[in-house]
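Colleague: Here is how the chains run, residue by residue.
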Amino acid sequence: MKKTRRDFLKTAAAGGALMLAPLSASAQQEIKADDEAVGMFYDSTLCVGCKACVSKCKQVNDMAAAPMPGDNDRVWDAPNDLDYRTRNIIKLYKDEQDPTKHAYVKYQCMHCIKPSCVSACPVSAMQKEAGTGIVFYDKNICIGCRYCQVACPFNIPKFEWPETFPKIVKCDLCKFTNLKLKNIPACCEVCPTNAVIFGKRKDLLAEAKRRQAENPGKYEKHIYGEFEVGGTNVIYLAGTSFDNLGFPELEKESAALMSEHVQHTVYKGFIAPVALYGFLAFVALRNRKSAEEVAHEHELEHELEVEIEHELEKEKHEKEGKH
Amino acid sequence: MAGHHDEYQVHRAKILTPAFYVLLFFTVLGFLLIAYRFVMGIGAVSNLSDGYPWGIWIAYDVATSTAFACGGYAMALVIYIMNRMKYHPLIRSALVTSMFGYMLAGMSVMVDVGRYWNAYSFFIPSRWQPNSVMFEVAVCIMAYNVVLIIEVLPAILERFIHMKDNRFPKLKHYAMIIYPKLDKVLIFIVILGITLPSMHQSSLGSMLIIAKSKLNPIWHTEILPLLFIINALYIGYATVIFESFASSMAFRRPFEKEVQQLSRIIPYVTGIWLTVRFIDLYVRGQLSAAFAGDFYSWMFMAEMLLILTGTYILMWNQYRRSPRMVFIAAMFLLIGGGWFRFNVYLIGFKPHGNWSYFPSLPEFFITIGLVAFEILGYMVLVKLFPIMPKVHGHEATAETAKAH
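Which chain is which? The protein sequence lines are A and B, in order.
In case it helps, our numbering puts the first sequence at residues 1 to 323.
In case it helps, our numbering puts the second sequence at residues 324 to 727.
If we strip away everything but chain B, and leave its shape as in the complex, we get (with noise of 0.2 Å):
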């Protein structure tokens, strides 16, 4: 099913490069900063306090940065269910870049978690609580994580099956076995790939809505699943564009004019959102709050505009065509997007009393240390497998040849 294989290709390319020595120092600083926290404690490393218990560990690598990694949510809702096969190849770079996010959100958890040696009480069913978001985000994830690996697999047992120097034989005999039987059932494991984010996105919203007393109602209502999902979709389409201009920056290769098109999509998606926002905050009595020109209205409206903004650029067909604007679109919708999240986790939540949060460096710098390791990640894959989609034509084959 995902067997296009003449729409993908490895990107030849040297791996050690200057970038990639720089991730790694930040790599190994996080990792070395999460040993310290494993041994000194949580305490020790952040700032997170009896009324902020959650940082930006939870607001930015879970909330924020699993909605990043919808891209292959967004792609494969488009692909599959839209039926634009024009598409297809974007999908596994993607997939890759979903991995690796929703990678780092399940790191970023167990260094959160305090307790997390007993972390197997999820796989025990008399502990299980219904009741709980947490528990249907958790369980969901984890099952997204290994859905998201097994359709990035085929990408994998393709470089082994068409390795022509024949180096791991085993390898490759057990790649010819799982392939085709894999390619049956590929596509029930894809619409699990879309049902299951449409699961635990909506519910990363309905994470808020116990803590009413201490959300600010500019953010807090009952529909909080709604408006996450729609925000990942369109944060997953801002991913797919960014992901496909940056590395076409990185590694010098054509801009895939699939994306422009993609484009078109967003104003669709981001108008939806943005009606229902409002109704929300007018049904419930909430607009004059949003406007009143406080802190917390100044937070809403960076948001709004924001995301405003980048709706705006991509209605019109003149801006659509230029691929700088789509970029900056698509950074102002990431951006808003993200803000929303963190309005919603950190910003628009106050508890009762005088607690205050801002992030520690150490904190900074274990979130950054994750986040350099998944670009890393997908940095290393996409030169060692077929994952980025085709060049087409021969100028664009020569420019690349020429570049390294």
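Chain A with its partners taken away, still in its complex shape (with noise of 0.2 Å):
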């Protein structure tokens, strides 16, 4: 008996090693982005929250209108916030001492150089292109489990709630639409102040920086999305916190690099698992040669199968006896 609660033991070290090994493992690797990748550059100061975006976005996206609760006759297309009829959308940030203080923000998809959606879709759904860096969705492979929303730091996915065959939305750079026949998407576009652009995003980058350095003091130093979870394709620029224009704090380090990290360690060519099969069944099967127990079971077990063979016997004989 001692000897196998040795065993035991070990078997629980090896399992404990191979659940351990993520820790022992080297620092996450460099996220880079793609040279060709492309996303947006926007400008809070520039933007004057006109919301041409919003509507443009909606059209060419043949997105359903977000009626003001009380519009009884759906006359005004006015979202609260980004949801499942809602890609895009222009927020006001008030200064609660100073009023006449304020600025405007927009949410959209942040396509993250490293997106964590695209890391959590089981099926693939979920697609960042490659070299444009464009994060999509095909709603015709996607099983609806909703990990792609847990996993956005964003919050960006939405999903179709009240629908009986709902469907994931997000922002997709107007892949299938804009982009496709005018090369460029809708909400930049149609922007009457520039406010937000489209480009490559090492160019908008370094645009980023040049109006930074030409303007001193009217910007934050902090160029949102250059380094959060390891870089966003989509960069802001704006004259307050970021906190205040509603995002959140995030790390550099990616969590969906951590994630995949874990998970490969643990599973890298399967070792592991048939690793601990091939270890569980040595020991199941050298402990059921030595119980004492086992022998009085095969006995039973014979006498069990002397039984079925008796019995088939008799079938037979029985069917040969009809004949």
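Please keep in mind that the hints were generated in silico from the structure rather than gathered at the bench.
Don't take every hint at face value.
To be verified - In silico SDA-like cross-links for lysine to any residue, where the CA-CA straight-line distance does not exceed 20 Å:
hint, chain 1, residue 1, chain 2, residue 2
1, B, K337, B, L707
2, A, K139, B, W451
3, B, K504, A, K175
4, A, K94, A, M258
5, B, K495, A, N80
6, B, K409, A, H296
7, A, K202, A, G217
8, B, K495, A, E307
9, A, K319, B, D488
10, A, K182, A, T100
11, A, K139, A, E214
12, A, K167, B, V362
13, A, K319, A, H302
14, B, K409, A, S290
15, B, K713, A, H296
16, B, K493, A, E311
17, A, K175, A, E214
18, A, K316, B, P503
19, B, K493, B, K504
20, A, K91, A, A52
21, A, K139, B, R450
22, A, K94, A, N80
23, B, K504, B, L476
24, B, K504, A, E313
25, A, K32, B, N454
26, A, K319, B, V362
27, A, K314, B, H496
28, A, K319, A, E303
29, B, K706, B, D488
30, A, K167, B, Y443
31, A, K94, A, K139
32, B, K409, A, N287
As the list claims (entries may be wrong) - Pairwise CB distance ranges (calculated):
hint, chain 1, residue 1, chain 2, residue 2, range
33, B, P540, A, D243, 38 to 48 Å
34, A, K218, B, F618, 54 to 64 Å
35, A, E303, B, P448, 44 to 54 Å
36, B, P448, A, E96, 54 to 64 Å
37, B, Y344, A, P69, 25 to 35 Å
Glycine included, C-beta positions come from ideal geometry on N, C-alpha and C.
Dock the two chains into a complex; use the hints.
Modeller: The structure is reproduced here in structure tokens:
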């Protein structure tokens, strides 16, 4: 018995080592944007809050209106926030002490360089386009598990809760609509003040830094999206803190990378599960051999099998008798 | 192998008891609400939102209920790997509980996913996404469901083989052909039945690693998979105890002495878990947050208190001798262990912005309906097939006979 206890401890140690392996592994690898990656650059100080981008987005992507409460005639499209009818929205921030101080902010998918939604999706319904880095969604594959929603640090993917046959909705930089037809996302096409512009990420980042350098004191030092969760292809400049504008404060490290790291350490080449199976089988088979009870068990099994054979024979005879 | 056919017995009692009808009522209610959900959509029955896309259907029915269904896994580990054959009589009822627990998880997932008709995606290799923790969990749980059915199969086959009046001659014939063959390979299925839960129970913890910015740091750690698998083990043993005591009360059977002995293992398992938990909090510098006295800290302390109390009771021999104390300790561990999983999946989960979640009544009743269905299935199955451990001694048998 003592021997088996030691075996168990060994098994437990092996299992524990399996699970702990991720801890000992090296630090995170670096995430780098593709040189060809495209994105958007939104300058909060230029936005006048006209919402042309909101209505154009809905128009080209065929999204339903979100009426205001009490608007029974459905005259206005007045979305409160991003939801299954709204991929893109403009919001207003007002300073509590000084109401004359205000700023607009635009929300939509950030198109992460290492998107959590893509990493989370079990069936590859969320994908990142090679080259452009656009994160897009294929409803024909999606099973609707909403792990993408759980995983996204920006709460971007939205689910059609009232629908019988729902899907996920999120900005895909007009990949299938405006970008395909006119080479520019709808919001960037219609913006009258060029508050949001479209381009390659590296060019946009250079432009943001140029504006910061040319207008000292006008902007926050922080370029939102430059490093957040490994960097995003949509970047922001603002005259007030990003906390005021409703953005979450995020680490530079990508949680998606962390999750994949743990998962791949445990499941690399499927070696660990197979080894675990082999080890357990080895222990169990040896235990079975040595156990006293097993001898007894075999006896009983044998009895039953003899009984079965006997019964089968009887059946056979009966059948032959019939013929 | 599992052919100790003298170890088990059919629990001979009426199937259509008052408890049966109560459970049936909740089952039917649950299934009616499920039908409503499939017509009107998930939003019509639940309080789920874009901030809280997962509610109790995932936090309880999948993440917690599969831990409650780890009795079969935990027992197989003791019996076949630690070589404690004396616990063998307990395995079948544990496996049946596991089978229904995992079935509940499977059914809940089909209620919860929005685009269930695309679920075949899991069988299309070009869509496989090995980076996804969900992918591993889903495939592994599907496989384990099949394994559990095969593990329970011998009990069903034995019933047909031993049938006296020979009502189903064809079935008996096939049962007799399958039984010896199944018996030869069953040990390999049993080992698979230990490997698969080791995989998906740890992955259920990995699932929330990706939501780092939303999960409170008291619970978010890279070793969530390790915490979840140990947690599954002690919940598994606690379930075996709970199930054994519950059925001995409901079916008026004598207590199974093996269960009390089994409870000795638990303090070792919880001890390891608590040690890992505290070392992890210390290393990540979250100990002060854990005892800061805010809402999350209280939730953490409740989790700890429940598990510590259960562990403490089972550390003392005199308590372990009292069936009632063993049962109470098991309840503490079931609730405490489940509490930990709820903390990870729901309570410690806070998305950026103004979101809140409390399950709606239909959400509750769908979960209750599925649980009722699970218990109903267990109660019927043990009355039809040799699953319960055989009652030893004349006194016990007489008592059982008198009760019915």
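Colleague: For every hint, state whether the structure bears it out.
Modeller: For each hint, the structure was consulted:
Taken as a hint, the K337(B) and L707(B) pair is honoured in the structure, with Cα atoms around 10 Å apart against an allowance of 20 Å. Between the alpha carbons of K139(A) and W451(B) the distance comes to roughly 16 Å, so the proposed pair stays at or under 20 Å and holds. Taken as a hint, the K504(B) and K175(A) pair is broken in the structure, with Cα atoms around 57 Å apart against an allowance of 20 Å. Distance hint between K94(A) and M258(A) is unfulfilled; the C-alpha atoms sit about 37 Å from each other, more than 20 Å.
The straight-line distance between the Cα atoms of K495(B) and N80(A) is roughly 65 Å, outside the 20 Å bound, and the hint therefore fails. Proximity of K409(B) to H296(A) is assessed by CA-CA distance (about 13 Å); at most 20 Å being required, the pair is judged to hold. Taken as a hint, the K202(A) and G217(A) pair is broken in the structure, with Cα atoms around 23 Å apart against an allowance of 20 Å. Note on K495(B) and E307(A): the hinted pairing holds, with a Cα-Cα distance of about 13 Å set against a maximum of 20 Å.
Distance restraint check for K319(A) and D488(B): the Cα-Cα separation of roughly 19 Å lies within the 20 Å cut-off, and the hinted pair is therefore satisfied. A hinted pair counts as satisfied when its Cα atoms are at most 20 Å apart, and K182(A) with T100(A) does not qualify at roughly 38 Å. This hinted pair does not check out: K139(A) and E214(A) have alpha carbons roughly 45 Å apart, beyond 20 Å. With a C-alpha separation of about 15 Å, the suggested pair K167(A) and V362(B) falls inside the 20 Å cut-off, and the hint holds.
For a cut-off of 20 Å, the pair hint linking K319(A) to H302(A) is broken: about 26 Å separates their Cα positions. A C-alpha spacing of about 14 Å is found between K409(B) and S290(A), which places the hinted pair at or below 20 Å, so the restraint holds. Between K713(B) and H296(A), the direct Cα distance comes to roughly 17 Å. Compliance with the 20 Å bound is thereby established for this hinted pair. In summary, the hint linking K493(B) to E311(A) is supported, as the alpha carbons are separated by about 13 Å, within the 20 Å threshold.
Note on K175(A) and E214(A): the hinted pairing is violated, with a Cα-Cα distance of about 33 Å set against a maximum of 20 Å. Between K316(A) and P503(B), the direct Cα distance comes to roughly 18 Å. Compliance with the 20 Å bound is thereby established for this hinted pair. Only pairs whose Cα atoms come within 20 Å are accepted, and K493(B) paired with K504(B) is accepted, the gap being roughly 18 Å. Only pairs whose Cα atoms come within 20 Å are accepted, and K91(A) paired with A52(A) is accepted, the gap being roughly 13 Å.
Using a Cα cut-off of 20 Å, the hinted pair K139(A) and R450(B) holds, with the two alpha carbons roughly 13 Å apart. In summary, the hint linking K94(A) to N80(A) is supported, as the alpha carbons are separated by about 16 Å, within the 20 Å threshold. Pair hint K504(B) plus L476(B) holds up; C-alpha atoms about 12 Å apart against a cutoff of 20 Å. A threshold of 20 Å between alpha carbons decides the hint, and for K504(B) with E313(A) the separation of about 18 Å falls inside it, so the pair holds.
A C-alpha spacing of about 18 Å is found between K32(A) and N454(B), which places the hinted pair at or below 20 Å, so the restraint holds. Taking the CA atoms of K319(A) and V362(B), the gap is near 53 Å; set against the 20 Å cutoff, the hint is violated. A threshold of 20 Å between alpha carbons decides the hint, and for K314(A) with H496(B) the separation of about 11 Å falls inside it, so the pair holds. For the suggested pair K319(A) and E303(A), the alpha carbons sit about 24 Å apart, so the restraint of at most 20 Å is broken.
A hinted pair counts as satisfied when its Cα atoms are at most 20 Å apart, and K706(B) with D488(B) qualifies at roughly 18 Å. At roughly 16 Å between alpha-carbon atoms, K167(A) and Y443(B) fall within 20 Å of each other, so this suggested pair holds. Of the supplied pair hints, the one linking K94(A) and K139(A) is violated, its CA atoms being roughly 38 Å apart against a limit of 20 Å. For the suggested pair K409(B) and N287(A), the alpha carbons sit about 13 Å apart, so the restraint of at most 20 Å is met.
Separated by about 19 Å at the C-beta atoms, P540(B) and D243(A) break the suggested range of 38 to 48 Å. Distance hint check: the CB atoms of K218(A) and F618(B) are about 40 Å apart, inconsistent with the given range 54 to 64 Å. A hinted range of 44 to 54 Å holds for the C-beta pair E303(A) and P448(B), which are about 47 Å apart. The hint said 54 to 64 Å for the Cβ distance between P448(B) and E96(A), and at roughly 55 Å that hint holds.
Range check, Y344(B) to P69(A): about 45 Å between beta-carbon atoms, so the 25 to 35 Å window is missed.
In summary, the numbered hints that this structure violates are 3, 4, 5, 7, 10, 11, 13, 17, 26, 28, 31, 33, 34 and 37.
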